[in-house]
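If you read the sequence shown in the working numbering, its first letter stands for residue 895, the second for the next number, and so on.
Don't read these hints as lab results, they were simulated from the structure.
We put the beta carbon where it would ideally sit given N, CA and C, even for glycine.
Careful: at least some of the hints might be erroneous.
Have a look at the derived ranges for each label pair, beta carbon to beta carbon [claimed, not checked]:
no., residue 1, residue 2, range
1, G926, K970, 17 to 27 Å
2, A957, E903, 19 to 29 Å
3, D1012, G930, 14 to 24 Å
4, G926, G1014, 16 to 26 Å
5, E976, K1013, 14 to 24 Å
6, E1031, Q938, 21 to 31 Å
7, G985, E1031, 12 to 22 Å
8, P968, E903, 28 to 38 Å
9, G926, E903, 15 to 25 Å
10, L1045, Q934, 13 to 23 Å
11, P946, K986, 36 to 46 Å
12, E1004, L939, 32 to 42 Å
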Amino acid sequence: MSFKCKIIERVAQNTLSIRTTSSVQNLPQVLGKNWGTIMQYLGQLNEEMSGPPFVAYYNMDMANLDIEIGVPVPKKIPPKHEIEACEIPAGKYASGLYIGPYSEMRPAYETLAKFIQDKGYEATGIAYEIYLNDPAEVAPEELQTEILFPLK
895 MSFKCKIIER VAQNTLSIRT TSSVQNLPQV LGKNWGTIMQ YLGQLNEEMS GPPFVAYYNM
955 DMANLDIEIG VPVPKKIPPK HEIEACEIPA GKYASGLYIG PYSEMRPAYE TLAKFIQDKG
1015 YEATGIAYEI YLNDPAEVAP EELQTEILFP LK
């Protein structure tokens, strides 16, 4: 696995998102449904997302994942029902680009966690996955996912 880690600074990024829970088995359906809800709302407002979709993981309990499913937007957009106006906060992040199937990401997470420890940083406990391409358009081994750990 080729997985290069680095420390980056990110500016705050406005998002629209839905916070929910899901088992890892149901995750593809939950993600698709919620991204669809957000995209429908953006369409009603004549707005577009300003970058690739993401999921924030607030725990790693595979039976009951606490997740925030979202898309970046160019400006603050009002919330609606379960859709919240949030942001990915500015700050220092450990970052790595994983290429391959979603089901085989664990070693990338372990590599990034070790990198953080080796550099003397501490992660906040949240992990972001930013999906740079679409599994409906590329083979699983070509999927590109940026993994981000916010740092304290």
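Tested hints:
The hint said 17 to 27 Å for the Cβ distance between G926 and K970, and at roughly 26 Å that hint holds. Between A957 and E903 the beta carbon distance is about 35 Å. The supplied range of 19 to 29 Å is therefore violated. Checked against the hint of 14 to 24 Å, the pair D1012 and G930 fails, with Cβ atoms roughly 40 Å apart. Evaluation of the 16 to 26 Å hint for G926 and G1014 yields a failure: the beta carbon distance comes to about 39 Å.
Between E976 and K1013 the beta carbons are some 37 Å apart, a value that contradicts the proposed interval 14 to 24 Å. At roughly 25 Å, the beta carbons of E1031 and Q938 sit within the given window of 21 to 31 Å. Between G985 and E1031 the beta carbons are some 32 Å apart, a value that contradicts the proposed interval 12 to 22 Å. A C-beta distance of roughly 20 Å is found between P968 and E903, which places it outside the suggested range of 28 to 38 Å.
In this structure the hint that G926 and E903 lie 15 to 25 Å apart at CB is violated, the actual value being about 32 Å. In this structure the hint that L1045 and Q934 lie 13 to 23 Å apart at CB is violated, the actual value being about 35 Å. Separation of P946 from K986 is about 21 Å and departs from the stated range, judged on CB atoms against 36 to 46 Å. For the hinted restraint 32 to 42 Å between E1004 and L939, the CB-CB distance of approximately 40 Å keeps it satisfied.
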